[in-house]
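*Asks:* Listed below are the residues making up each chain.
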Amino acid sequence: MSIFEYNGSAVVAMVGKNCFAIASDRRLGVQLQTIATDFQRISKIHDHLFIGLSGLATDVQTLYQRLVFRHKLYQLREERDMKPETFASLVSAILYEKRFGPYLCQPVIAGLGDDNKPFICTMDSIGAKELAKDFVVSGTASESLYGACEAMFKPDMEAEELFETISQALLSSVDRDCLSGWGGHVYVVTPDEIKEKILKGRMD
Amino acid sequence: MGDSQYSFSLTTFSPSGKLVQIEHALTAVGSGQTSLGIKASNGVVIATEKKLPSILVDEASVQKIQHLTPNIGTVYSGMGPDFRVLVRKSRKQAEQYLRLYKEPIPVTQLVRETATVMQEFTQSGGVRPFGVSLLVAGYDDKGPQLYQVDPSGSYFSWKASAMGKNVSNAKTFLEKRYTEDMELDDAIHTAILTLKEGFEGEISSKNIEIGKIGADKVFRVLTPAEIDDYLAEVE
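Line by line, the protein sequences are chains A and B. Residues 69 to 272 in this note's numbering are what the first sequence lists, from first letter to last. Residues 18 to 252 in this note's numbering are what the second sequence lists, from first letter to last.
Bear in mind the hints are in silico, worked out from the structure with no lab data behind them. A few of these clues could be false.
What the hints assert, rightly or not - One-sided excerpt, in silico: chain B residues whose CB lies under 10 Å from chain A:
{"no.": "1", "residue": "Arg116"}
{"no.": "2", "residue": "Tyr118"}
{"no.": "3", "residue": "Lys119"}
{"no.": "4", "residue": "Glu120"}
{"no.": "5", "residue": "Pro123"}
{"no.": "6", "residue": "Thr125"}
{"no.": "7", "residue": "Gln126"}
{"no.": "8", "residue": "Arg129"}
{"no.": "9", "residue": "Leu210"}
Unchecked claim - Partial selection, computed: residues in chain A whose CB lies under 7 Å from chain B:
{"no.": "10", "residue": "Thr154"}
{"no.": "11", "residue": "Ser157"}
{"no.": "12", "residue": "Ala196"}
The model shown is predicted, which means the values in this text are computed figures rather than measured ones. For glycine and all other residues, C-beta sits at the position ideal for the given N, C-alpha and C.
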């Protein structure tokens, strides 16, 4: 069994019209046993930048702490927030530093860049960036997520419709994956506000 | 001077609270060739005298104004070899930032890192401070910027500044001539006039160097032909 499947996870991000949504499941397991049903996989870096991390839970937490550390120092030194593209380059560099003993996570980065243009990307555990214009997925449920997103995604959705789409894609995908699920955690971010919602799906 | 007893070691303060080696470094800067910089509303210009020790020196091979990045340039007063070392270190820092963030380094960040290097050489064993003051000119998202960095590691943002032999006359001249809404071409003319003030001998495109950066965010050293054009306009 792969170490990436030890804890179970599902993360997805989608681009809308001047907004983005990022969602994850809430299960933390130790192989077949469920340990927690409120595990936080998505974290805010600043008001217009979020990162979701799938994979081994300990690395998810440690990597998040390291990235927040780096971003806080950047904010103090440069007196500004990091752009999403810049942050993605930073995450890629940090992951590659551990090329021969990597963090066992796959990040999903979503943010609003200059002119409130949505930016999403994902990378593998050693920092190979993959930019996308529509959606990115990661975690044990990634194959189902690819299928669901491809079917349900439309370009230029407004925030309300984007929320519905990403929620349906997430819930239907984690239902096909025994290691992820126990509800969903969705953030929809527009230039003016962040909407956070908890989803109740099949609680197994 | 009682202070001279404390000028042997860099890491020892004198009773008057000074680090005498840094004072001496500033003296070295003050006896170097004049250089100056002016920040205009739409760009920055830096300029320096290029007095060569003999007419036999190939003046085209001497480049006192250097690029640090495509949109940041620098000039110095003081010891040329120390300048070369700082330019090399700064260029490396700028490239490291680019490699990490895939974003060009902001001018303030590069100035701060260069100043940190200069400060390290005032607090380490067995080294001496750099005998140069730098003028760093750049254009980034915050607009045109001009910074001066001293051997102590302190840095200042200037609207216009001068360093080297003729510093007090040059600064007085700049104070009179500087206006907030000056454009880049006016600033270049003013820079030439300021250099002319304290110039020994005939000013020409062979014995001054001018670098400029405008809203196109590309730092360029002017060719002798371009300097001749500006000199003609000034006459």
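*Asks:* Would you pick out the hints that fail for this structure and give their numbers low to high?
*Replies:* Numbers 9, 12, in rising order.
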